[in-house]
Every structure is written in structure tokens, then in C-alpha cells.
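Chemist: So you can see what is in the structure, the chains are spelled out below.
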Amino acid sequence: MLDSPAGAASGAGREEIGVSLEHVTVRYGKVENAKQVAVRDVSLVLPKSQVTALLGPSGCGKTTILRSINRLHDHTTGRVTGVIRIGDLDVYAKDTQPEIVRTRVGMVFQRPNLFPTLSIFDNVVAGLRMNGVKKREFLREAAEAALRQAALWNSVKDRLGLPAVRLSGGQQQRLCIARALAVEPEVLLLDEPCSALDPMASAQIEELIVQLSAHVTIALVTHNLFQATRISNRTAVFLLNDDHVGTLVEVGSTVDVFSSPQDPRTEAYVTGHFG
Amino acid sequence: MTARPGTATQDPSGLLSPEAMARRRDVVRHASRTTLRRRRLVGNGTRIACYVALIIALIPLVALISYTIERGVHGLSVAFFTQVPVPQGVPGGGIYNAIIGTLIIVGLAAAVAIPVGLAVALFLVDRRGKVAATIRFVADVMSGVPSIAIGVFAYALIVVPSGHYSGITGSFALAVLMLPIIIRADEVAMRTVPEDLWDAALALGARPSRVARSVVLRTALPGIVTGNLLAVARAVGETAPLLFTALGSTVLETNPFQPMDAMPLRILQDGTQADPHLQTVAWATALVLVAFILVLSIGARTFAAYATRHAR
Numbered sequence: 006m007l008d009s010p011a012g013a014a015s016g017a018g019r020e021e022i023g024v025s026l027e028h029v030t031v032r033y034g035k036v037e038n039a040k041q042v043a044v045r046d047v048s049l050v051l052p053k054s055q056v057t058a059l060l061g062p063s064g065c066g067k068t069t070i071l072r073s074i075n076r077l078h079d080h081t082t083g084r085v086t087g088v089i090r091i092g093d094l095d096v097y098a099k100d101t102q103p104e105i106v107r108t109r110v111g112m113v114f115q116r117p118n119l120f121p122t123l124s125i126f127d128n129v130v131a132g133l134r135m136n137g138v139k140k141r142e143f144l145r146e147a148a149e150a151a152l153r154q155a156a157l158w159n160s161v162k163d164r165l166g167l168p169a170v171r172l173s174g175g176q177q178q179r180l181c182i183a184r185a186l187a188v189e190p191e192v193l194l195l196d197e198p199c200s201a202l203d204p205m206a207s208a209q210i211e212e213l214i215v216q217l218s219a220h221v222t223i224a225l226v227t228h229n230l231f232q233a234t235r236i237s238n239r240t241a242v243f244l245l246n247d248d249h250v251g252t253l254v255e256v257g258s259t260v261d262v263f264s265s266p267q268d269p270r271t272e273a274y275v276t277g278h279f280g
Numbered sequence: 201m202t203a204r205p206g207t208a209t210q211d212p213s214g215l216l217s218p219e220a221m222a223r224r225r226d227v228v229r230h231a232s233r234t235t236l237r238r239r240r241l242v243g244n245g246t247r248i249a250c251y252v253a254l255i256i257a258l259i260p261l262v263a264l265i266s267y268t269i270e271r272g273v274h275g276l277s278v279a280f281f282t283q284v285p286v287p288q289g290v291p292g293g294g295i296y297n298a299i300i301g302t303l304i305i306v307g308l309a310a311a312v313a314i315p316v317g318l319a320v321a322l323f324l325v326d327r328r329g330k331v332a333a334t335i336r337f338v339a340d341v342m343s344g345v346p347s348i349a350i351g352v353f354a355y356a357l358i359v360v361p362s363g364h365y366s367g368i369t370g371s372f373a374l375a376v377l378m379l380p381i382i383i384r385a386d387e388v389a390m391r392t393v394p395e396d397l398w399d400a401a402l403a404l405g406a407r408p409s410r411v412a413r414s415v416v417l418r419t420a421l422p423g424i425v426t427g428n429l430l431a432v433a434r435a436v437g438e439t440a441p442l443l444f445t446a447l448g449s450t451v452l453e454t455n456p457f458q459p460m461d462a463m464p465l466r467i468l469q470d471g472t473q474a475d476p477h478l479q480t481v482a483w484a485t486a487l488v489l490v491a492f493i494l495v496l497s498i499g500a501r502t503f504a505a506y507a508t509r510h511a512r
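From first to last, the protein sequence lines stand for chains A and R.
Numbering-wise (our numbering), the first sequence opens with residue 6 and increments by one.
Numbering-wise (our numbering), the second sequence opens with residue 201 and increments by one.
Rather than coming from a laboratory, the hints here were simulated on the basis of the structure.
Since the structure is predicted, the reported quantities are computational estimates derived from the model, not experimental observations.
Where a beta carbon is used, it is the ideal one built from N, C-alpha and C, also for glycine.
Heads up, none of these hints are tricks.
Output of the computed footprint for chain R on chain A, the stretches with three or more beta carbons under 8 Å from beta carbons of chain R:
#1 98 to 108
#2 143 to 155
So, partial list: chain A residues that the calculated Cβ filter (under 8 Å) puts toward chain R:
#3 LEU133
#4 ASN136
#5 GLY137
#6 VAL138
#7 VAL188
#8 GLU189
#9 HIS220
Derived DEER-like restraints, expressed as beta-carbon distance ranges:
#10 R/ARG407 / A/SER265: 52 to 60 Å
#11 R/SER277 / A/THR82: 42 to 50 Å
#12 R/ALA505 / A/ASP268: 42 to 50 Å
#13 R/ILE248 / A/ARG171: 34 to 42 Å
#14 R/LEU254 / A/LYS35: 17 to 25 Å
#15 A/ASN38 / R/ARG407: 48 to 56 Å
#16 A/GLY277 / R/GLY245: 54 to 62 Å
#17 A/ASP247 / R/ILE265: 51 to 59 Å
#18 A/GLY277 / R/ASN244: 46 to 54 Å
#19 R/LEU397 / A/ARG116: 16 to 24 Å
#20 A/PRO103 / R/GLY245: 12 to 20 Å
Could you build the full structure based on these sequences and the hints that come with them?
Modeler: Here it is, written out as C-alpha cells:
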């Protein structure tokens, strides 16, 4: 049921592997030897150019797993064990620089978090500049491409110099997606990107996610079961164990997980009986 | 779910073709890789610069404290805390009167400045108009007024008309000194209380004054207490406002309407004498004063840490 990289390749078609997690456990806590386990032993494959939805009730470790992929736990008390690979890159290998990981993985958070002092343009190219890209021509081209991908180009192309926070909530979130896309990541981590948006804006973001999945591996944390069925190819269901540790209980194609779940707990969750 | 070519149809620019994307990806990755070493160097350099700055900042502090301890520690004794000063040339004596004087003068000043400062800060948090902006500006300017000017002001306002020096005039001067510090500290502490909590309490039917008391003050309490204690610590060490007001004294005086001694005044008085015994008294007094301020500051921090960990 928990798929190993090899199992996924045979079980979920002939897709290439975008990201693989093997026996990933994340612990939190200030005291080095007494950290609390938040998520235990997650083995999961995100197939290339597909949307994988991470589902589950609050506090079961979906976001924790997401943040382990781009090493954001480096900056908290979290400690990650296990192996995570993005293509040929071993994310937690000793000689792997976290900055290199993060140029290959984009992330969008629950609430739009644009840099409030920067213009629309400067927000989009912020990641490029931070990575040492300076050529104006290239920045302009990358910004236009990213904004086009985020379906924002036509509405902002005449006011790229305006402060980004003047945009509406839905536009801000799309700008966050554009900002993540501008560095041309191969993986995109979306942490409930629609939770602060109205249904119209959510629908636009969902449409966008589907389009982006043509060339980017996408992991989508969501509480919205319908959203998962609408836009994800694969679904991973996380639940809390009896000892309050998050675990991955089931993963498979979204159709299978929702129509014929293997685990009774998954069935209860996807039919809305708890969580 | 097929990979839609939809992106291409909206792409008259050709920027979204797989080739263009791959080309841009190469440029970004190359730039990222080639500049990473430099970026790391800059990062480490910045970190080292921060440590160096930290050490530079600590040197005078450590030097001051260690020198004060070295010069003052052999002046300390039980008698030092329990006796009043003796005439020059006579051995023994202490600063009991100065300690009591400082406690009374600063205590009275705090008793006025803390509640008034809190009320003003509440007003500033609640109002956003011109009046509030003006008060805030005045408070900022006041916190920059030299303390000697405040002393002269208190002298002209109270000492000259009443015809004599008094401890309570010193309290007045210190209260004027503390007020802007307290106002700004309280306001900053209360500003950290999220607007959501106002909404939550008002939606439960609470009156604004009740919200301020039960929600805003309680939530901001650690910050308020810390800010007030630091203002008190600042006032304890001030000399200039007391020079023209409390004047100083060599006898024990507990009536605030009479001239009183205070620790900073004792330091000034004895430290400027040639007598080595009196100089030791001044250093020992300085040591007591520093220790007192240290205790106040540690108390403020401990309380803030405790209060944020334990819900009330």
C-alpha cells in the first residue's frame, strides 16, 4: 500500500519519478534528544508532471512533510530523517546545499506572502535576483513568462511597477505562484493555496495548477476533498495514529483512493465520516 | 488528466515553449550554482561582522562593570547599608540615607508616571487621529530632552516658588523623565495585541473599556511590565534631575517635602572629593546602583518570560 519508488513505477503507470520520499520521519522540539515525532515513516512518490494531493485532518503532518522536501525545517527545531530525492538530487545529503534544493523546488503558502515593499515586477523576479541572475533582459523575459503561466500577464502588464500588495487576494496568490515559477522549478509545493480565497479565485488557481502540471511536479496540500478529486492525479491520505503521530495510511491514484479505498480509515475520511 | 497544451494556446510570445523554459531553467541554475560560493562567503562574512560588532559593543560594558567592582567592592560592608554618612576624616559610615532616598524619590515618581503613562498609551492605541499623532510626537521629543533640562525645569517650577529643595520635586522631575519612555513602551506592547482579539471581544458584547482591561492589557502585560521596569531602572540612575531638586543630604530623611539624598547624588558628592575613603564610598555606591539596575532588568526579563509561558 505504501509505495516504494520501484512499486510506484509499476503501480502507477510508467511515469518518471519527480520526488521520492523513503521512510521520512520528522521530529520537533527544542531539546536535541527529546524531540517529538510529528510524522513517522512516510514513503511516497510524487510522479513527474502530475498533481499529488496530500489529504488529511489538521495536524496530521501534511504541511510538515511538504516543508521537508525543500528543507524548510533547517530553520526550525524540526529534524528530518530518511531519504528524499528530487531527480538525481539527494536533498539531505551532507554535501547538498539547501539553496540548490530550493532553486529546484518552488513553494506557495496558505496566505499570499508577497514582499510588501516590492513592486509586482520585483516580486516576480525576487527569486532570480536572490540567485544571482542580474541581466535585465532575462529578468523581463522570465517575469513575463512566469506571469503568463500564472494567467496574470494581461491584467498586470501595464502596472508592473505598482506595489504588489495593491492586488486582490486571488491575484496576490497567483503572483506568489508566478514568483515561485520564475526560477523554473521542477517541483512546486502548494500548501493549501486556496484556503484564503473565494470560490472564483480558487477555481482560477485550480485551473492554473492543472495547466502547470504539464511540466512541473506538483504536491498539493488541501483540506478540500472536492478540490483533490477535481485536480489531482494521485492522492495520499494522512491520518493521526492513536499515539498522535501523523502517518501516511494510503496512497494511490485519486480515482482509486476515492472510489475503492483499501484502508477502512481512508474510506471513513474520504466519505466525510471524520476529519 | 492529460497535460493540456492550453498553456501554448495562450502563448503568442513563445515564452512558454518547452525549449524556452528549459533554456531559462539552465540560466537560473547556472547563475545559482556559480554564485552560491560567493553568496555563502557574503553570508558568513556578515555573520562574522555581527559577532565582531557584538564583541565591540560588549567591551565597554564589561570593562565598566569589572572596573566598578574592582574599585567598589572593598567599600561594601553591613555598615555601608545601615549607616548614614560620617564627616570627612571619620572612618565608617554608609549610604543608608541615600538608598532610602532613592527608593522614596523613584517610588513616588513611578507611582505617578506608570498609571499616567498607561492611560496615555491606551489613548494612543485607541485613537488614530491628529491628537494622538501630536501626543506621540511630543512624547518622542520629550524622551530626547536632556535630563538636566528637566531638572532645571522642575527647579524653576517648584523649588523657586516654594523656596526650598525637596525629594518630591525630584520625584516630579523623574516622573517627567520616565513618562515618554513609559508611554512608548506601553503603546508598543499594546500594539502587538492582534486586532482580531478586539474583534473577538467586541463581538461578545464587551464594552471597549472592558476589552482594553481584560484583553489588551492582559495580553500586553509582559511587555508593559518589562517596559515600565526598564523606565524605572533608567530613572534610578539619573543624577541631573535631582541636582536642582532633591539636592542631597547627609542625614536620614523620609519626609519627601525635605531635601533628600539619593545614590547618584552620593556618587557625585563623594566621587569628586580628594579623600580616598570618600572615593571608595562613591565606587561602592556605584556598584550598588549598577547591581540594583541589573536586578530590576533581570526581574523584568524573568517576569516577561514567565508571563508569556504561563497563561493567566
